[in-house]
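Trainee: With chain P fixed as given, assemble chain B onto it according to the hints.
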Amino acid sequence: SQKIEQNSEALNIQEGKTATLTCNYTNYSPAYLQWYRQDPGRGPVFLLLIRENEKEKRKERLKVTFDTTLKQSLFHITASQPADSATYLCALHSNSGYALNFGKGTSLLVTP
Amino acid sequence: NAGVTQTPKFQVLKTGQSMTLQCAQDMNHNSMYWYRQDPGMGLRLIYYSASEGTTDKGEVPNGYNVSRLNKREFSLRLESAAPSQTSVYFCASSLAGANTGELFFGEGSRLTVL
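Chains P and B are the protein sequences, given in the same order.
Sequential numbering from 1 applies to the first sequence in the working numbering.
Sequential numbering from 1001 applies to the second sequence in the working numbering.
To be clear, the hints were calculated from the coordinates, so they are not data collected in a lab.
A virtual CB, placed ideally from N, CA and C, is assigned to each residue, including glycine.
The reader is advised that the hints may include incorrect statements.
[Said to hold, decoys possible] Straight-line C-alpha distance at most 25 angstroms; calculated BS3-like pairs for lysine-lysine:
no.	chain 1	residue 1	chain 2	residue 2
1	P	Lys63	P	Lys104
2	P	Lys17	P	Lys55
3	P	Lys71	P	Lys3
4	P	Lys104	B	Lys1009
5	P	Lys3	P	Lys55
6	P	Lys71	P	Lys59
7	P	Lys17	P	Lys63
8	P	Lys104	B	Lys1057
9	P	Lys3	B	Lys1057
[Claimed, not checked] Reference excerpt, derived from the structure (chain P facing chain B, CB under 7 angstroms, subset only):
no.	residue
10	Gly43
11	Pro44
12	Phe46
13	Tyr98
14	Ala99
15	Leu100
16	Phe102
17	Lys104
Here chain B stands alone, though its shape is the one from the complex:
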């Protein structure tokens, strides 16, 4: 099993450009998450989807949009990238809510905004 797959692994953008980070899981999980990780800040939740058809804001949602395309896929879109969005982005999934079990993480997408 591939687990959680993120694409692209690396991306460089110019300020104002848009892009979408893709995430797919093959574990039939109900819940999916997007986190960003910055030095000294730890992992911070951007958005999550408790189940197919629902999405909710996390701690740092400004500047991002998400789409739960189907049960497998959860994408994160930056409409107008800013240097403050330079970060490592992690997608994760869990069978049910995070209060009932472990999260499975992808390998990360490293985004640089110039």
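Chain P on its own, in the form it takes in the complex:
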């Protein structure tokens, strides 16, 4: 069966450090992988989309890598800030291509 696995344990880091979140998947052949941010009581918000032929993508302090051989994506937040505290979701499109399947998310807490 298809699985998207994200570390269920919360990640606690100190302000200014780099946060690295992992997304592993099985039985997908994705052309795209997406990352979303979700704050408590709010809907998810899109952050980045990376294509299979893009090994790395950056947006401001965010960096995403996509390794289709390892079936893994890494999501980095550099110079982290307390405002970065949220749950981060990895998502892949389903075999039908029309819908996204999400991982359960990893909670990030950045402390001053």
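Mentor: Positioned in the frame of chain P, the structure of chain B alone reads:
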């Protein structure tokens, strides 16, 4: 722009009651989706509509029906609510299929079934 608007934001039902969750988007998107989110389960797709006039089942469709009323609106109906349907429901939309671009989510509808 309002983006994706869901109503109601909160609802309490008794087992066996019916209700409809409404969703509207003002971005002229073709595709719309309903997800539910439960603690420890993540977001799970209930139904989606790739384009106006079409609907398809997602991962957890049992106990739900949907209607793509027009390009803007996509409703989710619970015909006979059960406690297992207590959840937070999110509507989302995208310009085309989810494999080509981002999803825009509403703020969620929090449903409790007693």
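Trainee: Are the Cα positions of Lys17 (chain P) and Lys55 (chain P) separated by 25 angstroms at most?
Mentor: holds (23 angstroms)
Trainee: Can Pro44 (chain P) be said to touch chain B, with a Cβ gap under 7 angstroms?
Mentor: holds (5 angstroms)
Trainee: Holds or violated: is the Cβ of Phe46 (chain P) closer than 7 angstroms to a Cβ in chain B?
Mentor: This interface hint holds because 4 angstroms falls under the 7 angstroms limit.
Trainee: Decide if the proposed pair is consistent with the structure: Lys71 (chain P) and Lys59 (chain P), CA atoms, cutoff 25 angstroms inclusive.
Mentor: holds (22 angstroms)
Trainee: Should the hint that Lys104 (chain P) touches chain B count as held when the rule is a Cβ pair under 7 angstroms?
Mentor: holds (4 angstroms)
Trainee: Need the status of pair Lys17 (chain P), Lys63 (chain P): alpha-carbon distance at most 25 angstroms?
Mentor: Holds, because 14 angstroms separates the two Cα atoms, which is no more than 25 angstroms.
Trainee: Would the pair Lys3 (chain P) and Lys1057 (chain B) pass a check requiring their Cα atoms to be no farther apart than 25 angstroms?
Mentor: Satisfied, since the Cα-Cα distance of roughly 18 angstroms is no more than 25 angstroms.
Trainee: Holds or violated: the hint that Gly43 (chain P) contacts chain B, with Cβ atoms closer than 7 angstroms.
Mentor: holds (3 angstroms)
Trainee: Quick check on Phe102 (chain P) please, does its C-beta sit within 7 angstroms of some C-beta on chain B?
Mentor: Holds, about 4 angstroms.
Trainee: Check the hint pairing Lys71 (chain P) with Lys3 (chain P) against an upper bound of 25 angstroms on the C-alpha distance.
Mentor: holds (11 angstroms)
Trainee: Does Lys1057 (chain B) lie within 25 angstroms of Lys104 (chain P) when you go C-alpha to C-alpha?
Mentor: The given pair, whose Cα atoms are some 20 angstroms apart, holds under the 25 angstroms limit.
Trainee: Measure nothing beyond the straight line between the CA atoms of Lys3 (chain P) and Lys55 (chain P); if it is 25 angstroms or shorter, mark the hint as holding.
Mentor: With Cα atoms ~21 angstroms apart, Lys3 (chain P) and Lys55 (chain P) stay inside 25 angstroms; holds.
The structure fails none of the hints (numbered hints given earlier).
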